[in-house]
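> Protein chains in written order, with the working numbering: chain A, 1 to 389; chain B, 1 to 389.
Hints were generated in silico from the structure; no laboratory data involved. Quick caveat, the model's predicted, so the values are computed rather than measured. One or more of the hints may lead you astray.
To be verified - Heads up, incomplete: computed chain B residues facing chain A, CB under 7 Å, no partners named:
no., residue
1, Gly24
2, Ser60
3, Asp202
4, Asp298
Unchecked claim - A few chain B residues facing chain A, derived, Cβ under 7 Å:
no., residue
5, Leu22
6, Thr25
7, Gly26
8, Arg68
9, Asp69
10, Gly70
11, Pro224
12, Asp258
13, Gly299
14, Gly331
15, Lys332
16, Gly333
17, Arg342
18, Ala362
19, His385
Where is the CB? At the ideal position from N, CA and C, for every residue including glycine.
What follows is each chain in one-letter form.
There are 2 protein chains.
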Amino acid sequence: MKRWWLLLVLFSGALLADDCALRGTGDLAIVIERADGAVQIVETTHNTAIARVEGLGDLSHASVVYSRDGRYAYVFGRDGGLSKVDLLCARVEKRVIQSGNSIGGAISQDGRLIAVSNYTPGGVKVFDADSLELLADIPATWGNGLRSKVIGLVDAPGRRFVFSLWDAGEIWVADMQDPRHPRITRFRDIGRNPYDGLITPDGRYYIAGLFGEDGMAQLDLWHPERGVRRILDHYGRGEKKLPVYKMPHLEGWAVAGDRAFVPAVGLHAVLVIDLRDWRELARIPVHGQPVFVEARPDGREVWVNFAFPNNEKVQIIDVETLKVTHTLEPGKGVLHMEFEPRGEEVWISVRDRDRVQVYDTATHRLLRELPARKPSGIFMAARAHRIGL
Amino acid sequence: MKRWWLLLVLFSGALLADDCALRGTGDLAIVIERADGAVQIVETTHNTAIARVEGLGDLSHASVVYSRDGRYAYVFGRDGGLSKVDLLCARVEKRVIQSGNSIGGAISQDGRLIAVSNYTPGGVKVFDADSLELLADIPATWGNGLRSKVIGLVDAPGRRFVFSLWDAGEIWVADMQDPRHPRITRFRDIGRNPYDGLITPDGRYYIAGLFGEDGMAQLDLWHPERGVRRILDHYGRGEKKLPVYKMPHLEGWAVAGDRAFVPAVGLHAVLVIDLRDWRELARIPVHGQPVFVEARPDGREVWVNFAFPNNEKVQIIDVETLKVTHTLEPGKGVLHMEFEPRGEEVWISVRDRDRVQVYDTATHRLLRELPARKPSGIFMAARAHRIGL
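This is chain A alone, in the form it adopts within the complex:
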C-alpha cells in the first residue's frame, strides 16, 4: 500500500506540480507588464491569456528574444537582469543579473549565444543560451579608458553581433565563431550619438540612427571593407526640431518592397527610403513623433505609433500612395504594436487603459481586448525564425 501511494505521488507530481502545457509554441507571445516586473504568456490563435510569470525585475524598456525551438523567451530587463522564461511551464528557468543597467539583447543565428548590451558598465556580455554561463565580456572602451553606453545590438548571419557605442560614435562587429574569444572590428567616427540600430531583414545592412546629427550611418555587412557611409544626411535641415520626449525605435524597421520606412527624430514625419540608392524618397507627415514604424507582413501598409503627448493614436500609411489612410484611437499610452507573423492580426499595448488590443488588419476592426497591467512590449515567438529580431 505504502509503495503504491509513493508512486502515485511521484506520478501526479510530474503531471500537476509543473503544470506544463503540451502544445505547439508557434502561436505564443509575451506581453511585458512593465510596472509589475511580470510577463503575460498569451496565444494568438484564439487570442487568450495563458499564464503570468513574475519576478523579472525592472522591465521598463524590456525586450525579448526567443530560443530557436520557440520554448524559451530571454527577457532583458533595465536593471541588467537576463531571465530565461519557459513558456510551456510558465516559470523562470534561469535568471542572472549581468550588469547594472541594460538596454537590450540578441540571440545568435544558431541560437546558441545570448548577447546583452549594457549602459553601466558600458559593453556587451555574451552568454551560453542553455546555461546562461558567461562566455565573453566585451567592454566598450574608447578614448582614455572610458566606457561607452552600448545600443542597437542585433544578430547578423555568420554568428556575428553588431552594435553601436552612444558616447564613442562607433559601430562594432563581433565575430563569435569562438564564443570565448570574440574578434572585434571597429568602425570609428560614424557620427554623433547613435541612439538605436537595426538590421535589414536579410541581415545585410546595419543602420544606426544618429541623435547628435540629422542622418543615419549604414554598414554593408557583405562588404565591411567599404566602411560606414552616411545616409539621409541632413534630413531635418532648416526645420525647427521639437523636443524629443521619447527616442524612436528602429527595431520595428519597416521594409515594404524596395522601400524602407523609418521614424524621423524630433519631427512629426516618417521618412521613406528608396532601398536601391538609400536616398530619401518621400516624407510622410503624421500625427506626432513616431516611435515604432512597422510594415504589415504583406508590405501593403505601414503602422505607426507616437511619442507623448500624441501616444493615443495609431496611424496607417498606404504603401502605394504614401499617405495616411486610417487613424485608430486605441487610447492613451500606445506603447507597442506586433503583427502576427503572416499579418492577419496585430496586437497593440495600451498602457494607460491596462489593455492589450487585437485588431483585424484587413478591416482595421478591434477584435478583442485582454486585460494587462501597464503593458508595454509585445513579442511573438515567431521572432525565433527571423534575422535581427
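Since the structure of chain A is provided, determine the placement of chain B on it from the hints.
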C-alpha cells in the same frame, strides 16, 4: 488499495501511453520517406531524428503545411490522402482520403482552412483545419463541363487561395471569407499548361510557370483588376529544348534583394529576374535542368538541385556575381533542400543513398548525415509563419 491502483493506472497512462514530448515546436521538421508512406520527425537544434510516423499512403510528390502553432503537419499525399500529423505525440491525428489524385495544398493566412488541389477529379477542396471537415468543393470546370487538373495552389493574404488550371490555362483566386461559399475570380487565357505556381514572399505577386510556351504568367494580387500579364516571354527562343524529365518546382522561389531566381524549363539554366520590371536580367548556366532554386535566407547565395540524370549535385550561385561558385556532390537522387529559417544550416535529401545531410551554409561543409528511407521533401515547422509556404 484497488482505488489507488486504478488512479495510478490512469495517471501513468496519461503520462506514458501517449508518449508525447513536452518541447517547443519551432525547430521541428518533417522528412518524407516516400517509398514507405512514412515521415520522420526531426529537430534542427542538435540535428537528430525524434520519431517516425507511418500509414500516410502514397507519398510520391508529397508536400506539407503547418498549423500556426507549429504542432500539426498537414501532409498531402499523391493518392488524395490528407493527414494531420501531431508532431509532439508522433501520431496521425486525423486522416481523410479527399480525392483520387492530389498534387499539393495550402493553409489559409489565419490557419483555419486547409485547401487541397486535385488532378482527379480536377478541383480544389477546402477543409476545416481542426476537424478536417469538408467546407467547400470547388470543381475546376471549363469548356464543355470538362474538369481541369489544378496545380500551383498557394495561400494569399486576406484569406484567399490562388491556383492554376493546367488544362484550361487559367488562374483562379478563391476568396474564402465565407468558407462554405467561396467567391471565385477567374483569369482566362493566361497561357498554355501552367505547370506550377508560386507567390512572392510578401504575398503580392502570383506567378504561374507555363509548360506549353516559354514564359510565365503574373498576377498582381494588389491589383487583380489589371489582369494577368506575361513575363519572361520567349526565354527559350531559338534554343533547342531538352526533354524534360522532371518539372521544375517553383515553390522554392528564390528572392534575394530585388532579384528573383527561377528554374528554366528544359534548359540547363537559372533565370534571373529584375523584380523592378520583371524582365530577364541574366541567365546562369548550371549543371543540369534545375528543379529547386532556393535562396539562403540572407539572400547572399542561391542553391540549386537538378533533374535526372544530373541529380547527384547541388550548385551554389553567388548573388553578387551571378556565377556558380561551389558545386557539392551529395550523391545520386538529390530531391530537395530546405534551409533552417535563419539560414545557418541546410538539409538535403539524397534518395539513392537513403540519407538526409545537413550542411553548414557558411563553410559548405557536411556536418551530419541521418539515415532515411528514400527521402524526398523536407519541411520545417517555421513554414507556419510564412506567406505562401
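> Each of the hints needs a verdict: does it hold here or not?
Hints and how they fare:
Interface restraint check: Gly24/B against chain A, minimum CB-CB distance 3 Å, threshold 7 Å, status holds. Taken as an interface hint, Ser60/B does not check out: its beta carbon lies about 28 Å from the nearest beta carbon of chain A, beyond 7 Å. Against a cut-off of 7 Å between C-beta atoms, the interface hint on Asp202/B holds, since the closest Cβ of chain A lies about 4 Å away. Against a cut-off of 7 Å between C-beta atoms, the interface hint on Asp298/B holds, since the closest Cβ of chain A lies about 4 Å away.
Look at Leu22/B: its Cβ gets to within about 6 Å of chain A, closer than 7 Å, so that hint holds up. At a threshold of 7 Å, the smallest CB-CB gap from Thr25/B to chain A is about 4 Å, leaving the interface hint in force. Below 7 Å, beta-carbon pairs count as interface contacts, and Gly26/B has one with chain A at about 3 Å; its hint therefore holds. The beta carbon of Arg68/B comes within 5 Å of a beta carbon in chain A, closer than 7 Å, and the hint placing it at the interface holds.
Using the Cβ-Cβ criterion of 7 Å, the hint placing Asp69/B at the interface with chain A is satisfied: the shortest such distance is roughly 3 Å. Using the Cβ-Cβ criterion of 7 Å, the hint placing Gly70/B at the interface with chain A is satisfied: the shortest such distance is roughly 3 Å. Taken as an interface hint, Pro224/B does not check out: its beta carbon lies about 14 Å from the nearest beta carbon of chain A, beyond 7 Å. Taking 7 Å as the C-beta contact cut-off toward chain A, the hint placing Asp258/B at the interface holds, the least distance being around 6 Å.
For Gly299/B, the shortest C-beta to C-beta distance to chain A is roughly 4 Å, which falls under 7 Å, so the interface hint holds. Residue-level restraint check for Gly331/B is violated (minimum Cβ-Cβ distance to chain A is 26 Å; threshold 7 Å). Restraint check, Lys332/B versus chain A: the minimum CB separation of about 30 Å is more than 7 Å; hint violated. Evaluation of the Gly333/B hint against chain A yields a violated restraint, the C-beta minimum of about 29 Å exceeding 7 Å.
For Arg342/B, the interface hint holds, the least distance from its beta-carbon to any beta-carbon of chain A being 5 Å, beneath 7 Å. Annotation: interface hint on Ala362/B holds; nearest CB of chain A at approximately 6 Å, less than 7 Å. Interface hint at His385/B: satisfied, since its Cβ lies 4 Å from the closest Cβ of chain A, which is below the 7 Å cut-off.
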